[in-house]
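Colleague: The lines below spell out each chain.
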Amino acid sequence: MGTYLQRNWAIVALITAIVIGMALPLAVGLSAPGFYFEVMLGGLMSGVLYSLVALGLVLIFKASGVFNFAQGAMVLFAALSVARMSEVMPLPVAFVLAIGVMAVFAWLIERLVLRHLVNQDAVVLLMATLGVSFFLDGFGQTVWGSDIYQIDTGLPKTPVLVAENIFQGGILINTEDLVAAAAAALLVIALALFFQKTPTGRALRAVADDHQAAQSIGIPLNRIWVIVWTVAGFVALVAGVVWGSKLGVQFSVSLVALKALPVVILGGFTSVPGAILGGLIIGVGEKFAEVFLGPILVKQFDLAGGGIENWFAYMLALLFLLVRPEGLFGEKHIDRV
Amino acid sequence: MSRVRVESARNVLLNVEDVSLAFGGVRALQQVSFDVYEHEIRAIIGPNGAGKSSMLNVINGVYTPQHGRITFLGKVRENMDTHQAAADGIARTFQSLALFRGMSVLDNIMTGRNLRMKTGVLLQAVHFGPAKKEELRHREHVEHIIDFLEIQAHRKTPVGRLPYGLQKRVDLGRALAMEPKLLLLDEPMAGMNLEEKEDMCRFVLDVSEEFGTTIVLIEHDMSVVMDISDRVVVLDYGKKISDGAPDEVRNSKNVIDAYLGVAH
Numbered sequence: 001m002g003t004y005l006q007r008n009w010a011i012v013a014l015i016t017a018i019v020i021g022m023a024l025p026l027a028v029g030l031s032a033p034g035f036y037f038e039v040m041l042g043g044l045m046s047g048v049l050y051s052l053v054a055l056g057l058v059l060i061f062k063a064s065g066v067f068n069f070a071q072g073a074m075v076l077f078a079a080l081s082v083a084r085m086s087e088v089m090p091l092p093v094a095f096v097l098a099i100g101v102m103a104v105f106a107w108l109i110e111r112l113v114l115r116h117l118v119n120q121d122a123v124v125l126l127m128a129t130l131g132v133s134f135f136l137d138g139f140g141q142t143v144w145g146s147d148i149y150q151i152d153t154g155l156p157k158t159p160v161l162v163a164e165n166i167f168q169g170g171i172l173i174n175t176e177d178l179v180a181a182a183a184a185a186l187l188v189i190a191l192a193l194f195f196q197k198t199p200t201g202r203a204l205r206a207v208a209d210d211h212q213a214a215q216s217i218g219i220p221l222n223r224i225w226v227i228v229w230t231v232a233g234f235v236a237l238v239a240g241v242v243w244g245s246k247l248g249v250q251f252s253v254s255l256v257a258l259k260a261l262p263v264v265i266l267g268g269f270t271s272v273p274g275a276i277l278g279g280l281i282i283g284v285g286e287k288f289a290e291v292f293l294g295p296i297l298v299k300q301f302d303l304a305g306g307g308i309e310n311w312f313a314y315m316l317a318l319l320f321l322l323v324r325p326e327g328l329f330g331e332k333h334i335d336r337v
Numbered sequence: 001m002s003r004v005r006v007e008s009a010r011n012v013l014l015n016v017e018d019v020s021l022a023f024g025g026v027r028a029l030q031q032v033s034f035d036v037y038e039h040e041i042r043a044i045i046g047p048n049g050a051g052k053s054s055m056l057n058v059i060n061g062v063y064t065p066q067h068g069r070i071t072f073l074g075k076v077r078e079n080m081d082t083h084q085a086a087a088d089g090i091a092r093t094f095q096s097l098a099l100f101r102g103m104s105v106l107d108n109i110m111t112g113r114n115l116r117m118k119t120g121v122l123l124q125a126v127h128f129g130p131a132k133k134e135e136l137r138h139r140e141h142v143e144h145i146i147d148f149l150e151i152q153a154h155r156k157t158p159v160g161r162l163p164y165g166l167q168k169r170v171d172l173g174r175a176l177a178m179e180p181k182l183l184l185l186d187e188p189m190a191g192m193n194l195e196e197k198e199d200m201c202r203f204v205l206d207v208s209e210e211f212g213t214t215i216v217l218i219e220h221d222m223s224v225v226m227d228i229s230d231r232v233v234v235l236d237y238g239k240k241i242s243d244g245a246p247d248e249v250r251n252s253k254n255v256i257d258a259y260l261g262v263a264h
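Going line by line, the protein sequences match chains A and B.
Take this note's numbering: the final residue in the first sequence is number 337, and no numbers are missing along the way.
Take this note's numbering: the final residue in the second sequence is number 264, and no numbers are missing along the way.
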């Protein structure tokens, strides 16, 4: 343990700082406990969304070494598809159809893009996904329109008051948020089981570990890529529906990919648990920074305050890059020959 | 001390004819021809840079030769890729280990069954009924291989944590799980100590006996090869310089010159 501390003092210090920073508002009495937990829940809620998008990124990166910049655009496209299709059919049907749409998209990506760029530099592939991202943003608007659309999940939006007798005021929770969080958790568990227990999941992990060896035992890379992009598309779909039912489907959804980048830096590019935990940390962290740090800056330094939510995630990611470039759970060396 | 076995069964499983392979100006293989009988242990030996690994990669479909013909199971293969080779029944192990390091021994070997799994992704996701039955059937086969390679105790260990010699066995196990018709071993004894080498020799012989698998193995260490193979091809600078039973090869002047050097 002593040597561990010696070698990793920087990361230990960083994590300690995060934990203390999170507990501080409550400890120094900056806010009432009820309010504190409400802010935390709000942060966890956006954190779940970040996690879902980051999860898509990690899945694709593990299986094909591609950083998929288009993940945010996929969320937007999936959400748009569900929103517009649910106008003319029941939501579950629209949802299932949207899964089909994402599967077709995955197949097209493999056919038209990945297959031809195999073994190219990571930068080339990143550029390709950047192009896909812009295409998908535009194409989505061409097909489905560019207004703000609602996805009505039919869940009650009325807030419930819990923990009233533990402290004064209790905590206000939105039922819809709870259901969304539960759905996300369920999705993560289902994915974990799929990856750990099924032959296809095993093949996916094999490809993630060693392309060459996977091919030599007859695992077809092309099929694996289609599957992995379909799964990432499905994750994007769930994220899109959660987001869309809460805030409406609009172009800004696509930009969530930019928030998922610091998340995977924090959690590690190759780690599924890292994506989940990273998303939650960043979600809560930026809300806390906005709500509790902002007023302090206003009072002490006479700044305008505000806007912290926009840069906090990137600052945290930068610190992680300096201290622990592979992220919390990432693999230290990624050698691909 | 070579084993004179299976003299009766002389079906040619693999035929390599006149194969040439060049990387730019480097001629890795020049007009190499040899054949492999069913059920035999065929060795390809030669000094460093002789073209042994290139030969293996050609058979395996990693490289496509510029000239020459390869016939496997009576079928001429053209523009074959690795995945196709695997589907046709050619399995291989790797000189520098290429195991799935994050996965357990059991999972690594189970991946070798991948081609034989027939249930679709969606049924697998449900994980009951046919998918479950199929998984269990394959698991049984894999357990047999684990017993055979004597790695029962390490079933659940991530392979990255195993010592080198055991990792080599897992690599062999993964290839065996494919129930290949032809097994390619890329320097199976490289980097091993004497005891591990003897173990590996025993496993190679046992695979041949028990499963009847045809084996082509590449080796740097001549003494090991002479003991276990039926016939030996010797390569030097990409050319075949000798071919025959171990005793013949051992006494060939070309081979002695290649290994010991000769005054030019």
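Worth double-checking, as some hints may not be accurate.
[Claimed, not checked] What follows is a set of in silico ranges between Cβ atoms, one per label pair, in the way DEER data are often shown:
1) A:L24 to B:A190: 53 to 63 Å
2) A:V118 to B:L194: 54 to 64 Å
3) A:Q212 to B:Q66: 19 to 29 Å
4) B:H144 to A:A13: 45 to 55 Å
5) A:P156 to B:G160: 43 to 53 Å
[Stated by the list, open to error] If you want a taste of the chain B side facing chain A, the calculated C-beta under 7 Å gives, among others:
6) Y63
7) A86
8) G89
9) N114
10) L115
11) K118
12) V121
13) G244
14) A245
Hints in this document: simulated from the structure, not taken from any laboratory.
All C-beta atoms, glycine included, are put in the ideal place defined by N, C-alpha and C.
Colleague: Quick one: which hint numbers does this structure break? Sort them smallest to largest.
Modeller: Of the numbered hints, 2, 6, 8, 11, 13 and 14 do not hold.
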